[in-house]
Amino acid sequence: MTDAAVSPGMGLNQTASKSAPLTTADGKPLKAALRKANGRARRNALLLVAPLFVFLLFTYTIPIVQMMARSVMNPEVANNLPNTSAAIGDWDGEGLPSEEVFAAMAQDLKNGGRSTIGRVAARLNTDMPGLRSTMMGAMRDADEFQAPFKEALLADDDDWGDPRLWTLIKRETRTITPAYYLRALDYEYDQAGEIVPRPENLQVYRSIFWQTAWMSGLITILTILMGYPVAHLLATLPLKRANLLMILVLLPFWTSLLVRTSAWIVLLQQEGVVNNFLVFFQIVDDNDRMRLIYNRIGTIIAMTHILLPFMILPLYSVMKTIPPSLTRAARSMGATPLRAHLTVYMPLTIPGLAAGVLLVFILAIGYYITPALVGGEGGIFISNLIADRMTGSLSQLRLALALATILLVGVLVLYWLFNRLVGVERLKFG
Amino acid sequence: MSTGDTWPVSIGFDDADHEGLTIGKAACRTCSKLKRRQVLANQAERSVGAAVTFDGVQKSYDGETLVVKDLNLKIAEGEFLTMLGPSGSGKTTCLMMLAGFEPPTHGEIYLDDKAISQLPPHKRGIGMVFQNYALFPHMTVGENLAYPLKVRGMSKSEIRDRVERALGMVELSGFGGRRPAQLSGGQQQRVAVARALVFEPNLVLMDEPLGALDKQLREQMQYEIKHIHDNLGVTIVYVTHDQTEALTMSDRVAVFNDGVIQQLSPPETLYENPTNSFVAQFIGENNKLSGTVSKVINGECEVELDTGATVHATAVNVDGEGSRTTLSLRPERVYIGPEGTDNTLDGRIEELIYLGETIRARLTVAGNDQFIVKVPNRGSSTGLTEGASVTVGWSTADCHALDPIAT
Numbered sequence: 001m002t003d004a005a006v007s008p009g010m011g012l013n014q015t016a017s018k019s020a021p022l023t024t025a026d027g028k029p030l031k032a033a034l035r036k037a038n039g040r041a042r043r044n045a046l047l048l049v050a051p052l053f054v055f056l057l058f059t060y061t062i063p064i065v066q067m068m069a070r071s072v073m074n075p076e077v078a079n080n081l082p083n084t085s086a087a088i089g090d091w092d093g094e095g096l097p098s099e100e101v102f103a104a105m106a107q108d109l110k111n112g113g114r115s116t117i118g119r120v121a122a123r124l125n126t127d128m129p130g131l132r133s134t135m136m137g138a139m140r141d142a143d144e145f146q147a148p149f150k151e152a153l154l155a156d157d158d159d160w161g162d163p164r165l166w167t168l169i170k171r172e173t174r175t176i177t178p179a180y181y182l183r184a185l186d187y188e189y190d191q192a193g194e195i196v197p198r199p200e201n202l203q204v205y206r207s208i209f210w211q212t213a214w215m216s217g218l219i220t221i222l223t224i225l226m227g228y229p230v231a232h233l234l235a236t237l238p239l240k241r242a243n244l245l246m247i248l249v250l251l252p253f254w255t256s257l258l259v260r261t262s263a264w265i266v267l268l269q270q271e272g273v274v275n276n277f278l279v280f281f282q283i284v285d286d287n288d289r290m291r292l293i294y295n296r297i298g299t300i301i302a303m304t305h306i307l308l309p310f311m312i313l314p315l316y317s318v319m320k321t322i323p324p325s326l327t328r329a330a331r332s333m334g335a336t337p338l339r340a341h342l343t344v345y346m347p348l349t350i351p352g353l354a355a356g357v358l359l360v361f362i363l364a365i366g367y368y369i370t371p372a373l374v375g376g377e378g379g380i381f382i383s384n385l386i387a388d389r390m391t392g393s394l395s396q397l398r399l400a401l402a403l404a405t406i407l408l409v410g411v412l413v414l415y416w417l418f419n420r421l422v423g424v425e426r427l428k429f430g
Numbered sequence: 001m002s003t004g005d006t007w008p009v010s011i012g013f014d015d016a017d018h019e020g021l022t023i024g025k026a027a028c029r030t031c032s033k034l035k036r037r038q039v040l041a042n043q044a045e046r047s048v049g050a051a052v053t054f055d056g057v058q059k060s061y062d063g064e065t066l067v068v069k070d071l072n073l074k075i076a077e078g079e080f081l082t083m084l085g086p087s088g089s090g091k092t093t094c095l096m097m098l099a100g101f102e103p104p105t106h107g108e109i110y111l112d113d114k115a116i117s118q119l120p121p122h123k124r125g126i127g128m129v130f131q132n133y134a135l136f137p138h139m140t141v142g143e144n145l146a147y148p149l150k151v152r153g154m155s156k157s158e159i160r161d162r163v164e165r166a167l168g169m170v171e172l173s174g175f176g177g178r179r180p181a182q183l184s185g186g187q188q189q190r191v192a193v194a195r196a197l198v199f200e201p202n203l204v205l206m207d208e209p210l211g212a213l214d215k216q217l218r219e220q221m222q223y224e225i226k227h228i229h230d231n232l233g234v235t236i237v238y239v240t241h242d243q244t245e246a247l248t249m250s251d252r253v254a255v256f257n258d259g260v261i262q263q264l265s266p267p268e269t270l271y272e273n274p275t276n277s278f279v280a281q282f283i284g285e286n287n288k289l290s291g292t293v294s295k296v297i298n299g300e301c302e303v304e305l306d307t308g309a310t311v312h313a314t315a316v317n318v319d320g321e322g323s324r325t326t327l328s329l330r331p332e333r334v335y336i337g338p339e340g341t342d343n344t345l346d347g348r349i350e351e352l353i354y355l356g357e358t359i360r361a362r363l364t365v366a367g368n369d370q371f372i373v374k375v376p377n378r379g380s381s382t383g384l385t386e387g388a389s390v391t392v393g394w395s396t397a398d399c400h401a402l403d404p405i406a407t
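Read top to bottom, the protein sequences are chains A and B. Residue 1 is where the first sequence starts when you use the working numbering, and the numbers rise one by one after that. Residue 1 is where the second sequence starts when you use the working numbering, and the numbers rise one by one after that.
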């Protein structure tokens, strides 16, 4: 616009000084005015999301933080043997601790009641079998202990002269411990305080983590193989028939998870529909019916079915936006239908495919109910172990929390990797 | 267009008798025009050399209604033929059948005397420009252009050369590395055209390629497509609902309505001598007057209008004496206060709209209150006022008696 005329609304301020900050007609800085004008809208928007924000804070963020905190917490020894904890800090770990530590221990044994010392003894006994009776015995005799306490305790039980006992106590007086994480990864402290793998017959978590991961991966691949053609069909069918098909896809969503899983039990069990069918057509022998459930196969079949919509829906939403003229253009230029599909259509569905993969894999990796119902012994996921440990003792609960935290971190790492590889902002969830 | 000098040589269409291509734009255009006229003349005499033939083609999608009813059309080699019609008239369906995306329900389509109904699209070798360009969004402009060449298994260096040349042709050199989304509408359009031409097809189909552009760009692109056509001599079948586009670019226009070609003529004929009321109505502005034929003599007829007045018209599409007819009159061929015209009628000026070069007058003539007359703006006052009673007149040759339309 070369027009020299100044519209009345612009005022003199703007024409007078081009370099100075712009101001409104009445001389206030433009930026402040803008902030003020937009401030109300922003405040209102914040107020609208505040209930959800508060809700999430209390039901989601805080519990997660608590979970992570509790999975490393170890307050029993420190709280219940306060004097010892204070005194043992100065011990260098060589030989036996000094007289003061023994004195503090005697004091703690004297002060602590049956239940207090019992709790500590139970806690320590898991790492050093036999320690429980040593401590409980000392507690009963604590009133008679006289200085020097070192000799008194050693006289009470030889075990007090074992440096490993004191090493253990010193280690356990720290209120934060990685012990549950070590356990969750099938490691432990040996009696000398070194981190070593657990005995092979006790190792369980790592293999279940691994099983959870590969089965989730396999389920994701199966949902891609089955969901991709369905999504394509949905996106290309005439609207009326596409809607019908969409209802069929969504139908499982509207059925209780429990019902769906139970239906698979009816279908897949050894006297179930599938086996009867196979026997009837003499594909398998009546005495050799297939085990399709209460093992990995059952978990994979049922979970693939249940998670299929999570693959189909994002794929469908992306495919819907791909104009059919693109593949037509490719074909008009000489590409065979297959080539047009692979070079033009497929690359454009990647955002939906990636979203589906992310959804299905992450949902699968934390799945609980289906593996619990149809997984039997072999087909369980890490969530099933977590749930099982949650109902156990305090240390079992902390172990469960450590497992859950590892699962959470694992998922976050996967998400991060995925973001690096595909780019989350490109994803289309539907 | 500077590229006119370089492109035609290098693109190397199999066109041995067409030496004009190497000379340059001006000569080339004349030459290709001449050649096309010749082809058209041949076609009129013997119907040979047609690059595309629709032979009794019918198309139905639902088995109940025909979208295309018995289409017979010969398109000459090197011709620019436009299929023009309102939406739903069957023109796009025809194009899709030609491209191979829709099978004809009945009849056969020939490409250079070869039946192609059973041939899948990728084996037809037909270039196509789609309505919304259909550029591949996940590829760069260069990759888009290279696509048909890669499919044909060309060497990398040859692909690079051809892509470069094609980009030069549409004046987009240096844009090869960009994504389609980074281009303006007009640039995307050029890429689409270049992509349809880069593999040197003998036939290029364009499905409303300019529909998404604004008016100015559209006009510019019309000329560019026309020039490319003139330079390359490739047959183009162009589908549009925009009559201006059709008239500007085509050698011949096929006006579609209701699945039938209403008229197939060069643009001038279409406008000057429409053969039925639909074409008269669809192409350009048109005044209609309804009446009954009272006499037919030597290609002229006397028509008694519904108001009782009698006028003369060229008998184009009338059934004979006593039949109903609709007269068609172009607004610029009607004069107000005429001298020496064959026909005159009384009218009243209802509205005057100043349009710059012309003044558009809406009159009531013979009961039609939408009778438009375009009065050229000759500077001096026209002396027209709204509400004035005037006499309007036209020559019999400009008034066509066509098939009746229900009013």
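These are calculated hints, taken from the structure and not from any lab test. Hints may be right or wrong, so weigh each one.
Said to hold, decoys possible - Listed below are the simulated DMTMM-like cross-link pairs for lysine to aspartate or glutamate, each with C-alpha atoms no more than 20 Å apart in a straight line:
id, chain 1, residue 1, chain 2, residue 2
1, A, Lys170, A, Asp285
2, A, Lys240, B, Asp62
3, A, Lys240, B, Asp113
4, A, Lys170, A, Glu144
5, B, Lys74, B, Asp113
Unchecked claim - Just some of the chain A residues that point at chain B, by a computed CB distance under 10 Å:
id, residue
6, Ala33
7, Ile247
8, Leu248
9, Pro252
10, Pro323
11, Arg328
12, Ala330
13, Arg331
14, Gly392
15, Ser393
Virtual Cβ for every residue (Gly too), placed ideally from N, Cα, C.
Okay, the hints, checked on the actual structure:
1. Lys170/A <-> Asp285/A: violated (64 Å)
2. Lys240/A <-> Asp62/B: Since the Cα atoms of Lys240/A and Asp62/B sit roughly 15 Å apart, the hinted pair holds (cutoff 20 Å).
3. Lys240/A <-> Asp113/B: violated (41 Å)
4. Lys170/A <-> Glu144/A: violated (25 Å)
5. Lys74/B <-> Asp113/B: This hinted pair holds, its Cα atoms lying about 11 Å apart.
6. Ala33: Because about 35 Å separates Ala33/A from the closest Cβ in chain B, which is outside the 10 Å limit, the hint is violated.
7. Ile247: With a closest approach of 24 Å, the Ile247/A hint is violated.
8. Leu248: Violated: closest Cβ of chain B sits about 25 Å from Leu248/A, beyond 10 Å.
9. Pro252: This hint is violated: Pro252/A lies away from chain B, its Cβ roughly 33 Å from the closest one there, beyond 10 Å.
10. Pro323: holds (7 Å)
11. Arg328: holds (6 Å)
12. Ala330: holds (7 Å)
13. Arg331: holds (4 Å)
14. Gly392: violated (52 Å)
15. Ser393: Not OK, violated: Ser393/A not within 10 Å of chain B, min 56 Å.
Checked against the numbered hints given earlier, the structure breaks hints 1, 3, 4, 6, 7, 8, 9, 14, 15 and satisfies all the rest.
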